[in-house]
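Student: Sequence:
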Amino acid sequence: MTNDETALAGLRATLAADDYAMEMHRDDAGVQVRITAGPEACADCLVPKPIMRSILHGALGVSEEAIALVYPGDEPGARP
Numbered sequence: 000m001t002n003d004e005t006a007l008a009g010l011r012a013t014l015a016a017d018d019y020a021m022e023m024h025r026d027d028a029g030v031q032v033r034i035t036a037g038p039e040a041c042a043d044c045l046v047p048k049p050i051m052r053s054i055l056h057g058a059l060g061v062s063e064e065a066i067a068l069v070y071p072g073d074e075p076g077a078r079p
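Quick note on numbering that gives the first Met the number 0: the sequence shown kicks off at 0 and runs consecutively.
Since the hints were made in silico from the structure, they are not lab data.
Each hint should be verified, as a subset may be incorrect.
Said to hold, decoys possible - So the derived label-pair ranges between C-beta atoms look like this: (1) 65 x 38: 27 to 35 angstroms; (2) 62 x 18: 24 to 32 angstroms; (3) 4 x 29: 15 to 23 angstroms.
Yeah, the Cβ is synthetic: ideal placement off N, Cα and C, and Gly gets one too.
Sequences are here, hints too, so could you generate the full structure?
Tutor: If you want it as structure tokens, here you go:
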């Protein structure tokens, strides 16, 4: 496992520990990443977007600008 894959696995584990799930898919707009909160999610525990972008950029090999993060409460389709 590469360092980037390890970081991505760690990110997923961190999110899961705080009752969040992360789904990823690629489309014409880039890589779409959706973070969803479970019923026990800690609102103050969500990983900050700059850290998420950095990890996803390294692990997926795409530009950070092509990664759209949608946190719980964000507008669907928003590209933060």
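Student: So, for every hint listed, does it hold in this structure?
Tutor: Results of checking the hints against the structure:
1. 65 x 38: 27 to 35 angstroms: 32 angstroms, holds
2. 62 x 18: 24 to 32 angstroms: 30 angstroms, holds
3. 4 x 29: 15 to 23 angstroms: With a Cβ separation near 20 angstroms, residue 4 and residue 29 satisfy 15 to 23 angstroms, so the hint holds.
In summary, this structure violates none of the numbered hints.
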